[in-house]
Amino acid sequence: MTAGQPRTDLRVALFATCFNDTMWPETPKAVVRLLERLGCRVEFPAEQTCCGQMMTNTGYAGEAVPLVRHFVDVFEGYDAVVAPSGSCVGSVRDQHPMIARLAGDPGLASEVEGVRPKVYELSEFLVDVLGVTDVGAWFPHRVTYHPTCHSLRMLRVGDRPLQLLRAVEGIDLVELPGAEECCGFGGTFAMKNSDVSVAMGTDKAAHVEETGAEVLVAGDNSCLAHIGGILGRQRTGIRTMHLAEILASTKEQPTW
Amino acid sequence: MVTPPVQQTSPTFVGMPAFPEAAQRELANTQQRQNLHRATHTIRAKRAAVVGEVADWEAIRVAGAAAKDEALHHLGDYLEQLEQSLTARGATVHWARDAAEANRIVVDVARAKGVDEVVKVKSMATQEIELNEALEAAGIHAWETDLAELIVQLFGDLPSHILVPAIHRNRTEIRDVFLREMGNVGRPAPADLTDEPARLAEAARLHLREKFLRARVAVSGANFAIADTGTLVVVESEGNGRMCLTLPETLISVVGIEKVLPTWDDLGPMLQLLPRSSTGERMNPYTTMWTGVHEGDGPQEVHVVLLDNGRSHVLADSVGRQALRCIRCSACLNVCPVYERTGGHAYGSVYPGPIGAVLNPQLRGTTSEVDASLPYASSLCGACFDACPVRINIPELLVELRGTVAEQGGHRAESAAMKAAAWVLSDPRRLAVAQRGATTAGKLIGKRTITRVPGLGAWTDARNVPTPPKETFRQWWARERDTSGGEAGPRGRADGIPKPGDGTDAGGEA
Numbered sequence: 024m025t026a027g028q029p030r031t032d033l034r035v036a037l038f039a040t041c042f043n044d045t046m047w048p049e050t051p052k053a054v055v056r057l058l059e060r061l062g063c064r065v066e067f068p069a070e071q072t073c074c075g076q077m078m079t080n081t082g083y084a085g086e087a088v089p090l091v092r093h094f095v096d097v098f099e100g101y102d103a104v105v106a107p108s109g110s111c112v113g114s115v116r117d118q119h120p121m122i123a124r125l126a127g128d129p130g131l132a133s134e135v136e137g138v139r140p141k142v143y144e145l146s147e148f149l150v151d152v153l154g155v156t157d158v159g160a161w162f163p164h165r166v167t168y169h170p171t172c173h174s175l176r177m178l179r180v181g182d183r184p185l186q187l188l189r190a191v192e193g194i195d196l197v198e199l200p201g202a203e204e205c206c207g208f209g210g211t212f213a214m215k216n217s218d219v220s221v222a223m224g225t226d227k228a229a230h231v232e233e234t235g236a237e238v239l240v241a242g243d244n245s246c247l248a249h250i251g252g253i254l255g256r257q258r259t260g261i262r263t264m265h266l267a268e269i270l271a272s273t274k275e276q277p278t279w
Numbered sequence: 025m026v027t028p029p030v031q032q033t034s035p036t037f038v039g040m041p042a043f044p045e046a047a048q049r050e051l052a053n054t055q056q057r058q059n060l061h062r063a064t065h066t067i068r069a070k071r072a073a074v075v076g077e078v079a080d081w082e083a084i085r086v087a088g089a090a091a092k093d094e095a096l097h098h099l100g101d102y103l104e105q106l107e108q109s110l111t112a113r114g115a116t117v118h119w120a121r122d123a124a125e126a127n128r129i130v131v132d133v134a135r136a137k138g139v140d141e142v143v144k145v146k147s148m149a150t151q152e153i154e155l156n157e158a159l160e161a162a163g164i165h166a167w168e169t170d171l172a173e174l175i176v177q178l179f180g181d182l183p184s185h186i187l188v189p190a191i192h193r194n195r196t197e198i199r200d201v202f203l204r205e206m207g208n209v210g211r212p213a214p215a216d217l218t219d220e221p222a223r224l225a226e227a228a229r230l231h232l233r234e235k236f237l238r239a240r241v242a243v244s245g246a247n248f249a250i251a252d253t254g255t256l257v258v259v260e261s262e263g264n265g266r267m268c269l270t271l272p273e274t275l276i277s278v279v280g281i282e283k284v285l286p287t288w289d290d291l292g293p294m295l296q297l298l299p300r301s302s303t304g305e306r307m308n309p310y311t312t313m314w315t316g317v318h319e320g321d322g323p324q325e326v327h328v329v330l331l332d333n334g335r336s337h338v339l340a341d342s343v344g345r346q347a348l349r350c351i352r353c354s355a356c357l358n359v360c361p362v363y364e365r366t367g368g369h370a371y372g373s374v375y376p377g378p379i380g381a382v383l384n385p386q387l388r389g390t391t392s393e394v395d396a397s398l399p400y401a402s403s404l405c406g407a408c409f410d411a412c413p414v415r416i417n418i419p420e421l422l423v424e425l426r427g428t429v430a431e432q433g434g435h436r437a438e439s440a441a442m443k444a445a446a447w448v449l450s451d452p453r454r455l456a457v458a459q460r461g462a463t464t465a466g467k468l469i470g471k472r473t474i475t476r477v478p479g480l481g482a483w484t485d486a487r488n489v490p491t492p493p494k495e496t497f498r499q500w501w502a503r504e505r506d507t508s509g510g511e512a513g514p515r516g517r518a519d520g521i522p523k524p525g526d527g528t529d530a531g532g533e534a
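These protein sequence lines are chains A and B, in that order. Numbering of the first sequence is given in the numbering used here, commencing with residue 24 and proceeding in unit increments. Numbering of the second sequence is given in the numbering used here, commencing with residue 25 and proceeding in unit increments.
Chain A on its own, in the form it takes in the complex:
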């Protein structure tokens, strides 16, 4: 499946996510470049901040209420909101209704219901909305893919990222053993239970090494920061990249 009609009719907003915006700007830049290459008009509403997942998952859902309110205010005018993070989209889809309920605000709850279905993780937007799997990317490296837990079990993105990767020209895509097992990041889990987190991450890193891949790819930079932190500490020489950066890569503008 190659790109169909350019969807210039859609008002597409990029939800960069606070973590990517601050720490991994190359990822949202890659999303912009990729979506524009596919004919989308992409806007970055500069008022955007954060989905509130960190507060919710740490037990401070009350603190997330203003963030949810802000999120719907920023994004409600768009046809589609695209984010390069399974975890943050999972938070919007699974947790925002709960937080609106917690706030006891029926108005907010209905606004959440209005915005929620229009928020897509990158691979969902490409495959389901744009109807494309061959995005015209070129990436001549040995790559293995880790499906992050929230994209796999909250969003059920299934093999969409793999469909996209398989169509990349020049790629040597190898299967990751134990791919569906959690890497051990888990947000504040990585700090509160650092020993278990590292034990899980070390096993994940060992599986990545087994594949002989040069690059580990995933749809969440948070998980990649954890696995990549271990791969780096162990001097494996394996780099981590977000799915968007591989899909944005072309012969003219390679991302690596």
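For the record, the hints were derived by calculation from the structure and aren't laboratory data. Hints are not guaranteed to be accurate.
[What the hints assert, rightly or not] With a straight-line cut-off of 20 Å between C-alpha atoms, the simulated SDA-like cross-links for lysine to any residue are: (1) LYS137(B) x ALA440(B); (2) LYS70(B) x ASP410(B); (3) LYS215(A) x ARG436(B); (4) LYS215(A) x ALA440(B); (5) LYS215(A) x ALA52(B).
Let chain A serve as the given structure and place chain B on it in line with the hints.
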């Protein structure tokens, strides 16, 4: 409404350390790590295969959850119906508010029979109330007859798994304990015992047989208690349970009040869900059902102790009560990446793993160190929810319980940090100011690898830290794109993508 009381932590687990501390100790046990890895991966694969072959598995899950919910939403009514059905069939029903009451009832019945020993069917409820210890204090030996429970008992160990309590032991360790301990409590193991499974099973069989034939009182739990018929059900693999449930004259069953099912028909989905989820079998070898007393057949005195012990407290929480659907299958333990590495002892309860992490803090409250730590003993990966045959949304419950722990205070620094983060993140201007810290660091650090950050040892002890970028995305957007947004042409203006070696790569030093 008065909130029902929580369960008192049983003596064995009082003063248990918080999960991270206990986990650190368990992670260092290399033999246990290997045993657990092998065992959980084997059973995971078996479960996946037999669940995968059921086309309407999801519908059966929904039916199972619905049956349990119906029972829980009208629990008082169904329990009274169960009592009536049981009494009409000649059983004696006892009500126990807590562990002490339940233990007293069982000890009194055993004493009245004048016995100094009972044989036991594997039962989580009796583990929970530490019945064996109470019987022992009354001069009555409690012989565990489930193979794995026998192993745990011979070791003087604690169970570490709901279904396979000796999962942390391998067969060489089991041979050694059989040779060392069996002779002290009954028929010794053959001196030439090897660690072959068949030889180990034979030794256990011979050891237990004399106890089955001698015992006059048996103690069991029940997997299900059917309200409309008064039938109790025990599902097992070995047949040892069947021996206990049929041979002795007196049978005492300790049954958690959440085990009730409204009707006989509700067993249908349950008997499909349980074996496939727990042992990875299409059907378990032995299912024993008994309905009161049958003259001349089986136990002639049947007692049922209905146990609350904190369950009403769980029931009072509209979100938390779904945990009472649990049928103790252990599927969540077997798929849990945390449990796989720490084993069960770190959870400070006979209920370990994901279900333990949500059940214990609800049954016992969140005041102890270990109970306050359990809601965080998960990466929220969601594998448990996917595997649960009665659709308990464990990640949702964990998040809710984290809220309970946060509310009771104690995490003052964290609470302040979350408030500050929320204040920063609720306004893009404040966020932009905060981001300057990261980009300033990024400019100073350049391409060097960050291996240590003061105060971040929990991260940096084993992981490098991603190097912050010199410019955030929003700064790049403001610089490169018209800030009115959306005016960019439809084709390639995202020329900020770095070429190799231009120094803006935030990908770290892999």
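Outcome of the hint check:
At roughly 61 Å between alpha-carbon atoms, LYS137(B) and ALA440(B) are farther apart than 20 Å, so this suggested pair is violated. As the CA atoms of LYS70(B) and ASP410(B) are separated by approximately 15 Å, the hinted pair is consistent with the 20 Å bound. Simply put, LYS215(A) and ARG436(B) have alpha-carbon atoms about 15 Å apart, close enough for the 20 Å limit, and the pair holds. Between LYS215(A) and ALA440(B), the direct Cα distance comes to roughly 16 Å. Compliance with the 20 Å bound is thereby established for this hinted pair.
Of the supplied pair hints, the one linking LYS215(A) and ALA52(B) holds, its CA atoms being roughly 18 Å apart against a limit of 20 Å.
Hint 1 from the list above is the single one not met by this structure.
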